[in-house]
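There are 2 protein chains.
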Amino acid sequence: MTQAFFKVLDVEQVLGLRQRFQPVSSEDVLLEAAVGRILAEDVHAAGNLPGFARSTVDGYAVRAASTFGASESSPALFTVVGAVAMGEVPQVAVAAGEAARIATGGMLPPGADGVVMLEHAESLDDVSIEVVRSVAPGQNLIAAGEDFENGARVAAVGRRLRPQDMGVLAAFGRTRVKAFRQPVVGIISTGDEIVPAEATPGPAQIRDVNRYTLAGLVAQTGALPVAFGIVGDEFQSLHAACRRALEQCDMVLISGGSSVGARDFSVEVISAFAGAELLVHGIAISPGKPTILAKVFGKALWGLPGHVVSSMIVFSRIVRPVLLHIGGLAAPTAEDIRIPARLNRNVASAQGRTDFVRVRLLHRENEWRAEPILGKSGLINTMVKSDGVIEIGKNIEGLDEGARVEVILF
Amino acid sequence: MTQAFFKVLDVEQVLGLRQRFQPVSSEDVLLEAAVGRILAEDVHAAGNLPGFARSTVDGYAVRAASTFGASESSPALFTVVGAVAMGEVPQVAVAAGEAARIATGGMLPPGADGVVMLEHAESLDDVSIEVVRSVAPGQNLIAAGEDFENGARVAAVGRRLRPQDMGVLAAFGRTRVKAFRQPVVGIISTGDEIVPAEATPGPAQIRDVNRYTLAGLVAQTGALPVAFGIVGDEFQSLHAACRRALEQCDMVLISGGSSVGARDFSVEVISAFAGAELLVHGIAISPGKPTILAKVFGKALWGLPGHVVSSMIVFSRIVRPVLLHIGGLAAPTAEDIRIPARLNRNVASAQGRTDFVRVRLLHRENEWRAEPILGKSGLINTMVKSDGVIEIGKNIEGLDEGARVEVILF
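If you read the protein sequences in the order shown, they are chains A and B. Numbering of the first sequence is given in this note's numbering, commencing with residue 53 and proceeding in unit increments. Numbering of the second sequence is given in this note's numbering, commencing with residue 53 and proceeding in unit increments.
It is worth saying that the hints were derived from the structure and are not from the lab. Check the hints yourself; a few may be wrong.
Remember, identical chains collapse to one label, so a pair may be satisfied in a single copy or spanning two.
Said to hold, decoys possible - EDC-like, lysine to aspartate or glutamate: derived pairs with alpha carbons at most 16 Å apart: (1) Lys341 to Glu64; (2) Lys428 to Glu198; (3) Lys437 to Glu198; (4) Lys230 to Glu140; (5) Lys347 to Glu299; (6) Lys437 to Glu423.
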């Protein structure tokens, strides 16, 4: 085994290591079910959108020039030569001084280059209208190719598909798209004191909380969690569980082992894999320092802190971006946006490490206030009360009340 | 049919109508797959959490009083009387001047009320240590019931389950929970010009974009979209499709019909249902004014604008909160938080209606700037370029560059 670093890394150094992992392969998915999936192909416009000039209002298709100068006091007179039926090619053409009735979405007839809104026209009789406002060429319509021109790139590899992206793909007839597979993430719980959630813990035992918390975090990231059960602090069992998980998954999380002994033990188990590369052995963050990242069989194998609170914070700030990279995401999207807020209380912080402080968001005077959640760091109830965490940089010694912060939601 | 209102309503009036609809029924779900689901029961702590006092560090369990006054220059001497094994009830008790080796997560032995961190103790020989820092009673441990006391409410009806909530439920042995069913939302596309996405449109036809966009929005809201295909502008067909959808779904969206004629037609079809109640016929918003909401067979039946852009905005601001109510949500959670930003350009707006302006978010100088997206309102590409919309209140006549706004993400 090779160890690239023997020292504790900072957040940016750890995140930089994501480039050491390859994104997963891709598969064909139904567009209908593709929201949140990450596109694995560039999609280009197969034709103009719209394919024809469409009216955006109910009214009359005309030659715009024939309306120039029209006003309430001096209306322009038009002869109505017909009507455009929805979804059909117009059977009429429009010459100077002529108008064709058209509804929103209808195809402009030949000769027309503008649409007069219904409320700006007055019917005189069955075949004549007066127009009281002028329209410019191109007004109240969308020209062929105005939305997307034939050949334009409409969506790029690595984009997380939003509803509007799905709409555009449908507009070009793509009812199936190539998306990255959803990464499968194995979760191994460790610790001699841990019992399954469905069991009744003995007097010194606790239920497996981390498995469910991590499964939720993995699923929220768009990946598929698979639990590999609880493994006691025994070398062969943990080694075998890791091997099984590495074979079946794209990433593996070993959860537990908060004690120094358990951590050393995880490193020992990981190191025993042929070609294992220990990339991270400690991160300069609090909570979450005792985090391990190794590359084994080309895959990311994490040792996460046993405290569920630390584990959640490490997942949100460190594991999640790496998992998104492995899932093919090119750039963060809206759901990764941090919320700007102001601290409503002084917060202490240690220099030399990045501190994460749990906060609740309160809406006050048109802005968000971030209220630090008090209580011992190991208490799960502090996470339940929190909306997220703020990050205090390693060169900052605490923040004052009123300081601008950005909240990472969970 | 009764018509509660004949006038155009504003946003808050429409949202207030959600109380007219009952939330869906509930079902048992596996906790493992419950992230994002809405809890349909109050969950109380079935016992203390933790069930016993646990160490939060690696070190020595002691009587805190025995450490008082200890310092580097005047260490306190302790006799090591044993070690606590993880997951097992301690076989030793600790008296004054005695210490038991303990790892993070271990159960405190009888007599101990504090834990000295390993780095604050120095081993003299196999059975003696010197402690160089005092600990307070309760320090470096979590007392029994300190996280949650027996009987405390740990999660309430209407809460959207986050990973940390799943963790807490697991801690109390709840591997199944009662959650509201995911509402089933029917989507009916209308319009004689609409063809299925897999078809090749004729010269005056366009593909069904709205179905996919709406399916994405519905799924993002935690509900289950079901497409009922495309129905032409023909009374019997639309009426039959609505009936089928109302029978199978908890909410129905009729998408399309941007023209005044098509809208009137939708109202006519809806009104033909026995007991139908037209609640909304127009909303004072732009875009999205021609929105219809009726209560038919106790269910919400929406007529959404045919323009996909308007339809998306109406969904995000109006339909989504109503759907979340029907899905059992009691209060918005982090994913519904709006992003505070500053406008980076003047924006015009009309009084008397709520205007929605598409914006892109740019991160500048430690805050978000909202950049209005230019382009005709009917263009889908404007939605693809946007990160969300800002809402300009009906009594506001435009906003200046630098104004504080809040962005509704999509």
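How the hints compare with the structure:
In this assembly of identical chains, the alpha carbons of Lys341 and Glu64 lie at most 16 Å apart only when taken from the same copy (14 Å versus 47 Å across copies). In this assembly of identical chains, Lys428 and Glu198 lie within 16 Å of each other by CA distance solely across copies; the values are 10 Å between and 58 Å within a copy. Taking identical chains as interchangeable, the C-alpha atoms of Lys437 and Glu198 lie at most 16 Å apart only when they sit on different chains, with a minimum of 15 Å there against 49 Å within one chain. In the homo-oligomer, the alpha carbons of Lys230 and Glu140 never lie at most 16 Å apart, since the shortest distance is 33 Å inside one protomer and 52 Å across protomers.
In this homomeric assembly, Lys347 and Glu299 come within 16 Å of each other (Cα to Cα) only inside a single copy, at 13 Å, whereas the closest approach across copies is 53 Å. In this homomeric assembly, Lys437 and Glu423 come within 16 Å of each other (Cα to Cα) only inside a single copy, at 11 Å, whereas the closest approach across copies is 34 Å.
Hint 4 alone, counting from the list given before, is not met by this structure.
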